Structures are given as structure tokens and as C-alpha cells.
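K.L.:
Fit chain R to the supplied structure of chain G, relying on the hints for placement.
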Amino acid sequence: MTAFWKKIVRNRALLLLVLPGTVWFLIFAYLPMFGTVLAFKDFRISPDGFFASVLNSEWVGFKNFEYLFRTSDAYIITRNTILYNVAMIILGLVSAVAFAILLSELLNKRMAKVYQTGMFLPHFLSWVIISYFAFTFLSPDKGVLNQLLTALGMERISWYSEPAYWPLILLFVGIWKGIGYSSVIYLAAITGIDKSYYEAATIDGARKWQQIRYITLPLLRPLMIILTILAIGGIFRSDFGLFYQLPKDSGALYPVTNVIDTFVYRGLMNMGDIGMSTAAGLYQSLVGLILILTTNYIVRRIDRDQAIF
Amino acid sequence: MAQTFIKPREAGEDRRGRKKRDYNAITPFWNVIFNIGVGLFAFSCVFPFLFVIMISLTDEQTLALEGFSLWPSEFSTAAYRYVFQSGNELLLSFGVTLAVTVIGTLLTLALVTTYSYALSRRSFEFRGFFSFLAFFTMLFSGGMVPGYIVMTQFLHLQNTIWALILPLSLSAFSIIVMRTFFQTTVPDEVVESAKIDGAGEFRAFFSIVLPISLPGIATIGLFSALGYWNDWFNALLYYNNPDQTPPLQFLLMQIEKNMDFLTKNAQYLGNFDAAAGLPTETVRMAMVVLATLPIVLAYPFFQRYFIQGLTVGSVKG
Numbered sequence: 001m002t003a004f005w006k007k008i009v010r011n012r013a014l015l016l017l018v019l020p021g022t023v024w025f026l027i028f029a030y031l032p033m034f035g036t037v038l039a040f041k042d043f044r045i046s047p048d049g050f051f052a053s054v055l056n057s058e059w060v061g062f063k064n065f066e067y068l069f070r071t072s073d074a075y076i077i078t079r080n081t082i083l084y085n086v087a088m089i090i091l092g093l094v095s096a097v098a099f100a101i102l103l104s105e106l107l108n109k110r111m112a113k114v115y116q117t118g119m120f121l122p123h124f125l126s127w128v129i130i131s132y133f134a135f136t137f138l139s140p141d142k143g144v145l146n147q148l149l150t151a152l153g154m155e156r157i158s159w160y161s162e163p164a165y166w167p168l169i170l171l172f173v174g175i176w177k178g179i180g181y182s183s184v185i186y187l188a189a190i191t192g193i194d195k196s197y198y199e200a201a202t203i204d205g206a207r208k209w210q211q212i213r214y215i216t217l218p219l220l221r222p223l224m225i226i227l228t229i230l231a232i233g234g235i236f237r238s239d240f241g242l243f244y245q246l247p248k249d250s251g252a253l254y255p256v257t258n259v260i261d262t263f264v265y266r267g268l269m270n271m272g273d274i275g276m277s278t279a280a281g282l283y284q285s286l287v288g289l290i291l292i293l294t295t296n297y298i299v300r301r302i303d304r305d306q307a308i309f
Numbered sequence: 310m311a312q313t314f315i316k317p318r319e320a321g322e323d324r325r326g327r328k329k330r331d332y333n334a335i336t337p338f339w340n341v342i343f344n345i346g347v348g349l350f351a352f353s354c355v356f357p358f359l360f361v362i363m364i365s366l367t368d369e370q371t372l373a374l375e376g377f378s379l380w381p382s383e384f385s386t387a388a389y390r391y392v393f394q395s396g397n398e399l400l401l402s403f404g405v406t407l408a409v410t411v412i413g414t415l416l417t418l419a420l421v422t423t424y425s426y427a428l429s430r431r432s433f434e435f436r437g438f439f440s441f442l443a444f445f446t447m448l449f450s451g452g453m454v455p456g457y458i459v460m461t462q463f464l465h466l467q468n469t470i471w472a473l474i475l476p477l478s479l480s481a482f483s484i485i486v487m488r489t490f491f492q493t494t495v496p497d498e499v500v501e502s503a504k505i506d507g508a509g510e511f512r513a514f515f516s517i518v519l520p521i522s523l524p525g526i527a528t529i530g531l532f533s534a535l536g537y538w539n540d541w542f543n544a545l546l547y548y549n550n551p552d553q554t555p556p557l558q559f560l561l562m563q564i565e566k567n568m569d570f571l572t573k574n575a576q577y578l579g580n581f582d583a584a585a586g587l588p589t590e591t592v593r594m595a596m597v598v599l600a601t602l603p604i605v606l607a608y609p610f611f612q613r614y615f616i617q618g619l620t621v622g623s624v625k626g
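Residue numbers (this note's numbering), protein chains in the order written: chain G, 1 to 309; chain R, 310 to 626.
Looking at chain G on its own, in the form it has when it is part of the complex:
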């Protein structure tokens, strides 16, 4: 014990520096982790404060989970979350790499900078703003899309109550907002590639397409793998703003816009069902943890250097 005490004294300055951050992590990250026991309880607020409320609430075992998985909601939100994420990972990766390569090949570097700055704008705006942007196109009576449809002599579409179009809209807007951000990472990596590879390839008579195929893409591979692992680890999470703000919380669209995050939010705020929404959140966190450990394990087996941990 004294050895441990001495170690603390020896590191006292740095321990003092991590103290504020540690307090934050304990309150805002680890206390909520402890709070997930509520998934197995019937939450009742106790007048004696938070810990009493959590500890004194009655154990109900897996009742909350049973309740969650008995409804068709669990299937729908899981399906939506996974399908949207898989589509976004694939389309996002392809488009980010494609735009990064296009940007890096442009002859006029100043124009490339201008384009890049333009593409970055949506990343800096909140989903509230983006949802207003979308409304200018999708508004049933004033929107641009319906104006076009009318001009072409077609029926107007009531966009905010037609689920059929939303998977496409959500995917498009999700990728559109993020592409400036993701292509920049790949662009930085491309700029970092040693130019002598390309010089050697040119001497050997490689054409542009072959250079991209055999030099650029293989050298970007480690980065693609890391970012994809991270994305797969987050496949059970979704961007709350995209799925809540963009469809304007429209009930008619829930079948295609409800994901785990929005489900948990509505369970908490609209239904006040603490136990069931905690259970849904825990289901999300646990599967997420398993996914990221598994993908990392697989990558590690294939290529040790490219695993994250």
C-alpha cells in the first residue's frame, strides 16, 4: 500500500491535471453506465435522490427487453439503423475516395481549394438549418420539387407523408452533408503519397487509370480500413439529427425514418417509458461494443498493423 501511496505522491502534479477530466468522465460517462441497470428495473423516482431512485427501483429482470422485442418496433428500428448505416458506409466511402481523387487531379489547385471549401459548408451547419434547406425543396405547396412536377404536368407529391421516397432522401442528404469532411481526410492522405511512385509508373507507361488502380487506391487502403472499422463499430448508432430533423418528426414517415436513437428518444420523452428506452439504449451500446471488438479482431487476424487496438 505504501508503494502505491508513494507512486501517487510521485505523480501528484499530473494526477491533479487529470482530476477535472476524470470527474467529468465519472459523472457524464461512467455514472450513466451504472444507470443502465435501469434496463432491468422498474424505475420509480425516490425522494432521497438519484442513487436511492436507481437502487430502490424494483428489479424486473428482462421484462423491459421482453417488452421491447415483443413489439414489431425492435425489428423495424434495428433493420432501419443497420440498412441505412451499411448503405452510408459503402456509398460514403466510394464517394469520398472518388471526390478526393478528382480534387487531387484538378489542374488548377486554386479552383480545387474553392470547391473543397464549398463542399465543406454543409458539415459546418446544424441539422436544424439543413432541414430548412430541405424544406425549400420538399415543401408540399411551395417547394421546388413540386413546382417542377407541376410544370411537367404531374401530380404534386406530399413529401412529408410519403414514406417511399425517404430512404433515398435520407441517404442523399446524409452523404451530401458529410462528403466534404470525409473526402478531406482522403485528400490529405493522397497529398502525402510520395510522388516518385507515380513518376516510376509513368516511366513504365502506366496510364492515369492504372496509376489510380495500382498506386493511389492500395496506398489509401489502410486509411479506408481504419475508417470503415470505426464506422462498422458505429453501425448501431445513427445521426439523430438526420433522422429526427430532416423528416420533421413526421409520424407518417416513422416506418422508414425510425432508428434506434429516435426510438429511444421518443420512448423517453413522449412515452416516459424509462425502463424500455434504457433497455433499447443498452441493446444499442452492447451490440455496438461487440461489433467493434469483432471487426477489430478480424482485421487483426488479417493484418496486425491495421488493427486499432
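Any given hint could be a false lead.
[Claimed, not checked] Label pairs and their computed distance ranges (CB to CB): (1) PHE444(R) x ARG110(G): 35 to 41 Å; (2) GLY404(R) x ARG110(G): 34 to 40 Å; (3) ILE76(G) x PRO524(R): 43 to 49 Å.
[What the hints assert, rightly or not] Some chain G residues well away from chain R (every beta-carbon gap over 12 Å; in silico): (4) TRP24; (5) GLY153; (6) ILE157.
[Claimed, not checked] Straight line, CA to CA, 30 Å or less: simulated BS3-like cross-link-like pairs of lysine-lysine: (7) LYS113(G) x LYS248(G); (8) LYS566(R) x LYS142(G); (9) LYS195(G) x LYS208(G); (10) LYS7(G) x LYS504(R); (11) LYS109(G) x LYS7(G); (12) LYS142(G) x LYS248(G); (13) LYS504(R) x LYS6(G); (14) LYS248(G) x LYS566(R); (15) LYS248(G) x LYS109(G).
Because the hints were derived from the structure by calculation, they are not lab data.
The structure displayed is predicted, hence computed values, not measured ones.
For each residue, glycine too, the CB sits at the ideal point set by N, CA and C.
P.N.:
Quick look at chain R alone, frame taken from chain G:
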């Protein structure tokens, strides 16, 4: 990692930065094609903002007749006059957002720099433990509901600006970026030699390490400021008192659902033609423009720091 902070070599430059003719460049034909492709997409990213500006400058009646149009037949600045004359709500919300952003960013910087500095020091014997404490939060989280209960039942901070500030003030991601920055720009020898000269750990941190780490601090500060400026989620969770002044983004959400905001200021309506009615749609868009303008004007200048943070964070993830 170090190359991230050195200016990347431009295409067509050799190792010493001299320009030379690039035999490998794409042909002018493909250059035009690429320019059109990328240019169109970039334009699609900026266009909605321009469009919203035009809508906010449209005459309300014209808008009702013609719908949203890029070049309306009648322009009007009524929406802006209205916002500025009855602008108390907007101004107060601006104030709340500004306060949250400034206090939050300072708090974030204090928490992130101290924690990541300790993690960057090889002599810190508890480094492993505190790294785990921080990075485990990236793998597993308690989720929205327990966080909500901690905030409302344990801290009792709902309907205060602390509910908007505290949840965003630290993240494992910013610690990774900052730690990497410290490791690459502040070698252990610098700190060690300062200590030999008699400086304590704190002295070394505040008067040597922090001043040379300003670019990293700027990166984290900007990430944080943007996060606070754009946040509406915490207000959605923790603001349920209608008398509480909402932050800007949350105000925009509220006026999207109903225009209570406008009727609250009904006494100002005398200035407007009663027949023309309340300029509701254009006022909404004018407020979107006003809330977005600061970011649109500022981001091209601080973009560089974001790119720096992104590349460090993603590569070292």
C-alpha cells in the same frame, strides 16, 4: 504523424518545393470534365444557403402565390425589418448561444488540455489507467436515458445553460487529437529540461507547453465552439420551460412548428400592412439566414484547423 503538421507538398512540386512541369497531369479535356463534376457538386453544397437568402428577400404574398423561387417577381425586405424591429427573442437567443459557446469552449479547453497533457507524458505512471478511462467511453456508453436521468435527477440542471454546456465539454476524440498534438510538437526533452531548470510540472505545462501548442488548442477550440453553436439536441432534451430563452438552433426548431414567437411580438405589427398579413415564411427564412451567416462568413478562415484535427483524429483513432 509528424507530417500532418508540415505543409503537404503540392502536386507539381518536388521535395524542395520547386515548381516543375508535371508530365503526369490529366489532359485538358478530362480536366474540364472533372471540374464540371466536382464544381457542380460543390455548388450544390452552397446553393441551398443562397436559395434561402433569396426566399427571405421575397415578398410574402408573392411567395404564397409563386412558391419558393430563385428570382421572385417581387422582392421585399419586410422579413428583415420585422426581425430587427421585434428582434428581442432572436437577440436573446443569440446571447444564450454566444454565452454557451464561449463558456463551453473555455471549459472544454481547460478539461481537454490538462487531461491530454498528462496522457502525453511518458513519465506519468498512471497513463495506462487514465487512457483506458477516457478511451473506453468511445466503445461503450450508458446511452441517452441514463444520461438524461443523471442530468435531471442527480445534477438537477434541466432548464439551465449548464445542461447545454456540460454534456459537450469533454470527449475521448478531442483528447486523442490533443494528446497526439502534444506528443508530436512537445518532445519530452523540452519538459525535462524545463524541470532541470527548476520549473515544476505545472509551471512547465502553463508557461512552456501551452504557448507552443496554440495551433492544437485552436483546433480543439474551434471543434468545440462549432459543436456548441450548432447544438440543439441538449436543448431538446433539457429545455421544457417555455419562458426559458432557447439557444438559437432550438429557437429555429420552435418557430418551425409554430409561430408563437411572432404573435408574442404582436405589438410591432402596426408597421406592417395588415392586409399583407404576418410575413411568416420569409421571417423564418430570414432567421435561418441570420443564424447561419456567422458560420458561413467565418468557416473558410478556420477550415484549415478543422482539416488538421480531422486528419490527426482519424489516423490515430
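K.L.:
All hints are to be evaluated individually against the structure, with a verdict given for each.
P.N.:
Taking the hints in turn, this is what the structure says about them:
no. : hint                              : in the structure
1   : PHE444(R) x ARG110(G): 35 to 41 Å : holds, 40 Å
2   : GLY404(R) x ARG110(G): 34 to 40 Å : holds, 39 Å
3   : ILE76(G) x PRO524(R): 43 to 49 Å  : holds, 46 Å
4   : TRP24                             : violated, 5 Å
5   : GLY153                            : holds, 16 Å
6   : ILE157                            : holds, 14 Å
7   : LYS113(G) x LYS248(G)             : violated, 34 Å
8   : LYS566(R) x LYS142(G)             : holds, 17 Å
9   : LYS195(G) x LYS208(G)             : holds, 14 Å
10  : LYS7(G) x LYS504(R)               : holds, 19 Å
11  : LYS109(G) x LYS7(G)               : violated, 55 Å
12  : LYS142(G) x LYS248(G)             : holds, 16 Å
13  : LYS504(R) x LYS6(G)               : holds, 20 Å
14  : LYS248(G) x LYS566(R)             : holds, 9 Å
15  : LYS248(G) x LYS109(G)             : violated, 40 Å
Hints 4, 7, 11, 15 from the list above are not met by this structure, while the remaining hints are.
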